[in-house]
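> So you can see what is in the structure, the chains are spelled out below.
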Amino acid sequence: MNKSSYVLDAWRHMRRNPTTVVGLVIIACFVVMAALGPSVSPHDPLRTNAIGKLQAPSSLHPFGTDQLGRDILSRVLYGARISLWVALLAPTVAGLIGITLGLTAGYLGGKVDNVIMRITDMFMAFPQLILAMAISAALGPNLQNAIVAVALTEWTFFARLSRSRAIEVREEEFIEAARAMGAGRLRILFCHVLPVSVSVLIVQLTLAMGTSIRTAASLGFLGLGAQPPSPEWGVMITAGRNYLPGQWWVSTFPGIAIFFVILGFNLLGDGIRDVLDPRLRK
Amino acid sequence: MIQYAIRRLLWMVAVLFGVMTIIFFISRVIPADPVAALLGPQAPPEVIERLKAKWDLDKPLWNQYGIFLWRAVQGDLGVAISTNRPVTSDLAQFFPPTFELATSAFLVSLLVGILLGVISATRRGKLADHVSRVVALVGISMPVFWVGLLLLLLFYYVLHWLPGGGQLPFYMAAPTRVTGLMTVDSLLAGQPDIFVEAVRHLVLPTVVVSFYGIAVISRITRSSMLDALGEDYVRTARGKGLRENRVVLRHALRNALLPVITTCGIVYARTLEGAVIAETIFSWPGLGRYATNAFLAVDFPAVVGATGFIALMFAGTNLVVDLSYALVNPRIRYT
Chain F
1 MNKSSYVLDA WRHMRRNPTT VVGLVIIACF VVMAALGPSV SPHDPLRTNA IGKLQAPSSL
61 HPFGTDQLGR DILSRVLYGA RISLWVALLA PTVAGLIGIT LGLTAGYLGG KVDNVIMRIT
121 DMFMAFPQLI LAMAISAALG PNLQNAIVAV ALTEWTFFAR LSRSRAIEVR EEEFIEAARA
181 MGAGRLRILF CHVLPVSVSV LIVQLTLAMG TSIRTAASLG FLGLGAQPPS PEWGVMITAG
241 RNYLPGQWWV STFPGIAIFF VILGFNLLGD GIRDVLDPRL RK
Chain P
1 MIQYAIRRLL WMVAVLFGVM TIIFFISRVI PADPVAALLG PQAPPEVIER LKAKWDLDKP
61 LWNQYGIFLW RAVQGDLGVA ISTNRPVTSD LAQFFPPTFE LATSAFLVSL LVGILLGVIS
121 ATRRGKLADH VSRVVALVGI SMPVFWVGLL LLLLFYYVLH WLPGGGQLPF YMAAPTRVTG
181 LMTVDSLLAG QPDIFVEAVR HLVLPTVVVS FYGIAVISRI TRSSMLDALG EDYVRTARGK
241 GLRENRVVLR HALRNALLPV ITTCGIVYAR TLEGAVIAET IFSWPGLGRY ATNAFLAVDF
301 PAVVGATGFI ALMFAGTNLV VDLSYALVNP RIRYT
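Chains as they are written, first to last, in my numbering: chain F, 1 to 282; chain P, 1 to 335.
Since the hints were derived computationally from the structure, they do not count as laboratory data. Just so we're clear, the structure is a prediction, and the values are computed from it rather than from any experiment. Wrong hints could be hidden among the right ones.
Stated by the list, open to error - SDA-like, lysine to any residue: derived pairs with alpha carbons at most 25 Å apart:
#1 P/Lys54 <-> F/Leu139
#2 F/Lys111 <-> P/Lys126
#3 F/Lys111 <-> P/Leu153
#4 F/Lys111 <-> P/Gly18
#5 P/Lys126 <-> F/Leu139
#6 P/Lys126 <-> F/Arg273
#7 P/Lys52 <-> F/Gly140
#8 P/Lys126 <-> F/Pro18
#9 P/Lys126 <-> F/Gly140
#10 P/Lys126 <-> P/Leu257
#11 F/Lys53 <-> P/Leu154
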């Protein structure tokens, strides 16, 4: 089967699965929001307005205003950009660390494998959020450090996954062939082992995007991530806590945004898994 | 089996050693100067020096690490800066409420998750199956802090059905502390009115924290139930004329629960994480709120103690999960 027909085939399967399409649409909207947000948002997300504090949703402010009179719709739109950054950066960094270590461990085996996997175990001994809180607090709470913290808690999943893939294919004939042709270890790892592992890693990457957004927003919510006045969604929700129940809109709208984005990544990840794993196709 | 248990126990000790090492390095090495971070830029130099000497920060790093490990092994985690009490007595005070919350949430996740999973599998493709799938998706995608606020808004502010936070109403004195678990202590003290209030206060945080677990466990149960229902022994059981309920519960479910046990570890981790956030929302006087405040205040002894203790809880649960898995599945013990 040549490449384009594989992609077409995958696309056909994906289209047939309505939940995947919903996920795809949500993520597309999210990306568009993040890309166009600043140019379409009606107000400056940081401009405070002492007279217009805590206004209910209206035609001027469709999502209302917060405790400093800032337009919540504009802040949600700008916040999408922050979340997109988190979704792109944290899993990428985690993937780079995890895949490199995992492939190395699985392919080389022996002592190297032992050391790398024991380190992985140590990191996995913490509930993810707790470790992220510790790292973020130690580095100093801000958005960048929150992204670093999220990445440092997520690489273990990539390491385990790529290690088990490397072990599976290590003894396959095409690897043998590459070795016989004189390919070096690095070349074998990244040109032969990695490509056959791509499908599982893509699924993990998609799911990690959702988790990263959630963990980063949780850090923001607890005060250990992005800091005010940043329009990060977790920070916005925590600010709105003090205005329940009267001014419910302050934390409700950023909450809806987070919910849909995570839902989108989960639907998409499940969908891609079904498509890429031929065994699951009916 | 005993050999397997000992091996797992030793492994847990090794992991905890690694955990303490990671926490030590996170807390002492990454911040450029913890004392300056704590005291602020205007602190007089002699105060800084005194504090450094008190915390052994003037010694070389490896020396500090040695002192830290030696004391930790002896159960001395230092004095928390914010409460000015030994970290160990803080942990003893704040652990039981978290244990109470996490355990009740975990049990609810298991019960409701398995129930939903079985209903889904036996009514595959019907309305109940779709509803439980939607519940699961929503449960996985809703961040705990947002579910918490929504339920607080609905059940506390709007409907006034449940209390909005804390373990007891402010006018009620806590029962004599025996276990530290409010529900158990109130029963031990023979005060049913306090017990009722303690349970009412426990409901909302428990529901919030168990959402994720219900989602994961119901999905796993559903798929492994579907596998089990397709097996020959289920057909045999049906063939010999057993009632459907009995086939489902006694024959299929028993085998379908194996994969559920393995997911318990990850579910418990997420339950602990959820508890950390829920404690902040519901003013629950537990370990999570203690840890969060310690992180925000850069209170290192408390950070190390609380994080290490949460890792210990997690490692302990994983040990129990592994052992129970080995107990029900003999194949594991010999590999």
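> For the pair supplied as a hint, P/Lys126 and P/Leu257, confirm whether the alpha-carbon distance does not exceed 25 Å.
Holds, at about 23 Å.
> Sort out whether P/Leu153 lies within 25 Å of F/Lys111, counting only the CA atoms.
violated, 54 Å
> Measure nothing beyond the straight line between the CA atoms of P/Lys126 and F/Gly140; if it is 25 Å or shorter, mark the hint as holding.
violated, 51 Å
> F/Lys111 and P/Gly18: Cα distance at most 25 Å?
holds, 18 Å
> For the pair supplied as a hint, P/Lys126 and F/Arg273, is the alpha-carbon distance within the 25 Å limit?
This hinted pair holds, its Cα atoms lying about 24 Å apart.
> Please verify whether P/Lys126 and F/Leu139 have alpha carbons no more than 25 Å apart.
violated, 51 Å
> Assess, step by step, whether the Cα of F/Lys111 is no farther than 25 Å from the Cα of P/Lys126, and give holds or violated.
Outside the cut-off at roughly 52 Å; violated.
> Hint check: P/Lys52 vs F/Gly140, CA-CA at most 25 Å. Holds or violated?
Distance ~20 Å between P/Lys52 and F/Gly140 Cα, so the pair holds.
> Holds or violated: P/Lys126 with F/Pro18, Cα cutoff 25 Å?
Satisfied, since the Cα-Cα distance of roughly 17 Å is no more than 25 Å.
> Check the hint pairing F/Lys53 with P/Leu154 against an upper bound of 25 Å on the C-alpha distance.
holds, 24 Å
> For the pair supplied as a hint, P/Lys54 and F/Leu139, is the alpha-carbon distance within the 25 Å limit?
holds, 23 Å
Going through the hint list in order, the structure does not satisfy hints 2, 3, 5 and 9.
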